[in-house]
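Each residue of the sequence shown is one higher than the one before, starting from 1 at the first, in the numbering used here.
These aren't lab readings, by the way, just hints derived from the structure by calculation.
All values derive from a computational prediction rather than experimental measurement.
Be aware that one or more of the hints could be misleading.
What the hints assert, rightly or not - For each label pair, taking beta carbons as the anchor points, the in silico distance ranges come out as:
no.	residue 1	residue 2	range
1	ALA5	SER60	29 to 39 Å
2	ALA5	ARG185	20 to 30 Å
3	ILE80	VAL132	44 to 54 Å
4	ARG225	ALA192	19 to 29 Å
Just so it is clear, CB atoms sit at the ideal spot from N, CA and C, and this is done for glycine as well.
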Amino acid sequence: MSRLAPLLDLLAAAGRAVTALGRRWPLAAAALWCLLAALLSYLLFDRFVALWFKQHLPGSNWEGFFKIVTTLGLGGVWLIPPPLLWLACRWQQARAAYGDEAGRWRRRADALLYFFLTVALSGLFVDAVKVVVGRYRPRALFEQGLYGFHPFSAHWAINSFPSGHSQTIFAAMMALAVIVPRYNRAWLLLAALVAFSRVATSVHYLSDVIMGSYIGICAALLMHRAFRARGIEVRLGACPCNRTRRTAG
Numbered sequence: 001m002s003r004l005a006p007l008l009d010l011l012a013a014a015g016r017a018v019t020a021l022g023r024r025w026p027l028a029a030a031a032l033w034c035l036l037a038a039l040l041s042y043l044l045f046d047r048f049v050a051l052w053f054k055q056h057l058p059g060s061n062w063e064g065f066f067k068i069v070t071t072l073g074l075g076g077v078w079l080i081p082p083p084l085l086w087l088a089c090r091w092q093q094a095r096a097a098y099g100d101e102a103g104r105w106r107r108r109a110d111a112l113l114y115f116f117l118t119v120a121l122s123g124l125f126v127d128a129v130k131v132v133v134g135r136y137r138p139r140a141l142f143e144q145g146l147y148g149f150h151p152f153s154a155h156w157a158i159n160s161f162p163s164g165h166s167q168t169i170f171a172a173m174m175a176l177a178v179i180v181p182r183y184n185r186a187w188l189l190l191a192a193l194v195a196f197s198r199v200a201t202s203v204h205y206l207s208d209v210i211m212g213s214y215i216g217i218c219a220a221l222l223m224h225r226a227f228r229a230r231g232i233e234v235r236l237g238a239c240p241c242n243r244t245r246r247t248a249g
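Start from the sequences, fold in the hints, and give me the full structure.
In structure tokens, the structure reads:
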């Protein structure tokens, strides 16, 4: 434990600096907190947690449950329906008999576009990071004793960090929390369950899930900020007008 003391002191100092940063740039501070948590997990917890689940989950009553839950993190689940629904909303908007009805359909189309871009763009970012980082998946630890990194590799077994399923589900659920905030606790609880399933099924390490989840959340918030900067409110029922617009001046 004494050998870890300098590292723990460094992490404590970094934590204090990040807290100060968070008062001005909360998303940047959250990124640093997640990086620190991921680093600590990589050094101290990832192997233990992965080996524990590999030993205890197979054959248990929870194995089938988590294998079903984890499929909700597949990109196609959240990327295929929105464009089709967007086209349907635009068609209904064109057929609307009066302005208020057309405005409602346009707001729904805007929300679907926001949702799609959040999931798609954050997914592309994660795919790029996976290749650059090149982290071995838990499977490599179980079968070959490999733990660490092999940068710039597109092979499935060496693209563990960050978790794509965690990014996808948190991007989707955080976007839904923005669009329909009434159910935000349910959305985020589902996201956490799916992200946890990646560790439980021994496909990802805990640190992979931490960073994937952060990227999904950050993407939803930044995309919402970008839409609002263009005068587009994606939260359904937020405004009685067709579309919020910034006034010049």
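Hint check, failures only: Of the numbered hints given earlier, those the structure breaks are 2 and 3, listed in rising order.
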